[in-house]
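Chemist: Listed below are the residues making up each chain.
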Amino acid sequence: MNKAIFFKEWIKTKRTFWILFATMVCFSIYIIFQIFHTCEFVSPTRVWNNFIIDDKGVYINQMQFLPLLAGIILAFVQFVPEITLKRIKLTLHVPYPQKRMLLMMALIGVLELTTIFVVSLGLYTAYLSTIVSHEVVFSSFMAALPWFVAGIASYILVSAICIEPTWRGRVIGGLTSAIFLRIFFVSVLPKAYSYSIVGLIIVVLLCFLLMLRSMFRFKQGLQD
Amino acid sequence: MNEAVIECENLTHFYGKRKIYENLNFTVPKGRIMGLLGKNGTGKTTTINILMGYLQPRGRECRIFGENILNMSPEKRKRIALLLENHVQYTFMNIEQIEKYYGAFYPNWNKDAYYELMAKLKVAPKQLISRMSCGQRSQVALGLILAQNADLLVLDDFSIGLDPGYRRLFIEYLEDYTKSEDKTVFMTSHIIQDLDGLVDDCIVMDYGKILLQKPISELKKNFKTFTFEVADQSVKLPNDPEFYHPGFVKGLGEINTFKEAEYVKKVLDDHSITYTNFKRKTITLEDAFVGLTGKY
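Heads up: the sequence lines are chains U and Z, in that order. Each residue of the first sequence is one higher than the last, beginning at 1 in the numbering used here. Each residue of the second sequence is one higher than the last, beginning at 1001 in the numbering used here.
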């Protein structure tokens, strides 16, 4: 059954997955080229300077909002077909625990996003580690991590908004989600989120409960 | 009487302050095909939504296979096939993909029944359901229901949007399947003729209440429409509690009732209404429905 659920979600999202994957990987490669260009045509010291002296998540900050956008797009692609003509009734009718069904669907989306993020961020950090010290790589990684966590958060929140049955609930959900997501973009300094990132990840995981709440509201038959 | 597959007790539902119905009671016995009839807005789809757990009724409860529909287990859902209004399905899949998806959830999945019906469709196996006509989509939905081999079929307005050919095909398949397999069916339809000869029992709903629940044969046998000529058509026909929507149609007085001609004549006489050419009209199920619920 889990395989069938994955199969269905994959049919919905595969095209978007590959587009997002290609976009983010291309962006990582573009950033890698920028670093390579500086090393080759200016000097590796300049790259060091950029990281050590400027110290503002340099290079990677160009893709700051890309994970956020990827999360929103994937959530729409995966859940808009479910709410169109209230197809989610079919999804909740199959003999599978309803809460688990919804969480499985969300986990598949999170897994797809994580794959995209790991590959794109992995390419960047792998290349970076050939030029600068591990401390600098880690620092750069930590600067980018909140943006990627924001990508997962945007996916979960937009999914919950899609399933929410009332427009009033969607608007309130949209506004509160925007405020929450803003937290991830308060600072681009590498160490800005060192102490709070674990807490933020826990809050993002708790956002799965909002999806369940939307499902319960749908099952109650709430409407505008 | 057979065991009840669906039981609804004192079901009450409001949309905001608008009452849909109050204290609605009905049961659907095992092995029967029950048609839920009613004009637009009387709560047919609302009832299906409540039964399937997509709407929480304000009052009391419904049970299917003895289990409260609000907390229905996957085991019980396995025994229920659901056809949503407009034959809604996963249109982003093709006919092979959708069969593969649903097949994983149902242990008694009958793949052959599905593909037998799909063979009638002039579509390529890889064609997306979204690119099919309404009739073809209805066949996909029906094929999935037949393959599921469920004990209870819940069909919401199955004939909507179908041309006569597809409607007939749907009905014939459904009829063969339900009669031969002793299935229980709960269905709604706007096209009353479709239900004639298909359903065993019917529930006729009016705004806020059930008008009657009877076997179709009994309804067709006992429900009568009498017509008569009245010289003065400005006269108001008696509003007897046994009469349904008495009035004038095309210059003829018309009374719908379960009572015999003698009773109708007596009421007319008691109200000093002079009439001639008193006749019982031959009626179809649709006529009976219109007679019970009124034209508008």
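It should be emphasised that the hints constitute simulated quantities derived from the structure, not laboratory data. Hints are not guaranteed to be accurate.
Unchecked claim - The list that follows gives simulated cross-link-like pairs (lysine-lysine, DSSO-like), each with its CA atoms no further than 30 Å apart:
id	chain 1	residue 1	chain 2	residue 2
1	Z	1076	U	219
2	Z	1111	U	86
3	U	14	Z	1078
4	Z	1265	Z	1076
5	Z	1221	U	89
6	Z	1076	U	86
7	U	14	Z	1126
8	U	89	Z	1281
Stated by the list, open to error - Among the chain Z residues that face chain U by a calculated CB cut under 7 Å, a handful are:
id	residue
9	1055
10	1074
11	1077
12	1082
13	1092
14	1093
15	1104
16	1105
17	1109
18	1110
19	1152
20	1207
21	1209
Every residue, glycine too, gets a C-beta built ideally from N, C-alpha and C.
Chemist: Mind checking the alpha carbons of residue 1111 (chain Z) and residue 86 (chain U) for me, to see if they're no more than 30 Å apart?
Modeler: At roughly 26 Å apart (the allowed maximum being 30 Å), residue 86 (chain U) and residue 1111 (chain Z) satisfy the hint.
Chemist: Using 7 Å as the Cβ threshold, decide whether residue 1109 (chain Z) counts as touching chain U.
Modeler: At about 11 Å, which exceeds the 7 Å cut-off, the nearest Cβ of chain U leaves the hint on residue 1109 (chain Z) violated.
Chemist: Take the C-alpha atoms of residue 14 (chain U) and residue 1078 (chain Z), compute the straight-line distance between them, and say whether it is at most 30 Å.
Modeler: holds (29 Å)
Chemist: Interface hint check: residue 1104 (chain Z), Cβ to nearest Cβ on chain U, cutoff 7 Å. Holds or violated?
Modeler: Since chain U brings a Cβ to about 3 Å from residue 1104 (chain Z), closer than 7 Å, the hint holds.
Chemist: Let's test the interface hint: is any C-beta of chain U closer than 7 Å to that of residue 1082 (chain Z)?
Modeler: holds (5 Å)
Chemist: Have a go at the residue 1105 (chain Z) hint: is there a Cβ in chain U nearer than 7 Å to its own Cβ?
Modeler: With a closest approach of 5 Å, the residue 1105 (chain Z) hint holds.
Chemist: Does residue 1076 (chain Z) pair with residue 86 (chain U) here, judged by a C-alpha cut-off of 30 Å?
Modeler: holds (22 Å)
Chemist: Would the hint linking residue 1265 (chain Z) and residue 1076 (chain Z) be met if the CA-CA limit is 30 Å?
Modeler: violated (52 Å)
Chemist: Closer than 7 Å between Cβ atoms is the bar; does residue 1055 (chain Z) clear it against chain U? Give me holds or violated.
Modeler: holds (3 Å)
Chemist: With a cut-off of 30 Å on the C-alpha distance, tell me whether residue 1076 (chain Z) and residue 219 (chain U) pass.
Modeler: holds (17 Å)
Chemist: Using 7 Å as the Cβ threshold, decide whether residue 1152 (chain Z) counts as touching chain U.
Modeler: With a closest approach of 12 Å, the residue 1152 (chain Z) hint is violated.
Chemist: Verify the proposed pairing of residue 89 (chain U) with residue 1281 (chain Z), using a straight-line Cα cut of 30 Å.
Modeler: Outside the cut-off at roughly 44 Å; violated.
The structure shown violates the earlier hints numbered 4, 5, 8, 17, 18, 19, 20, 21.
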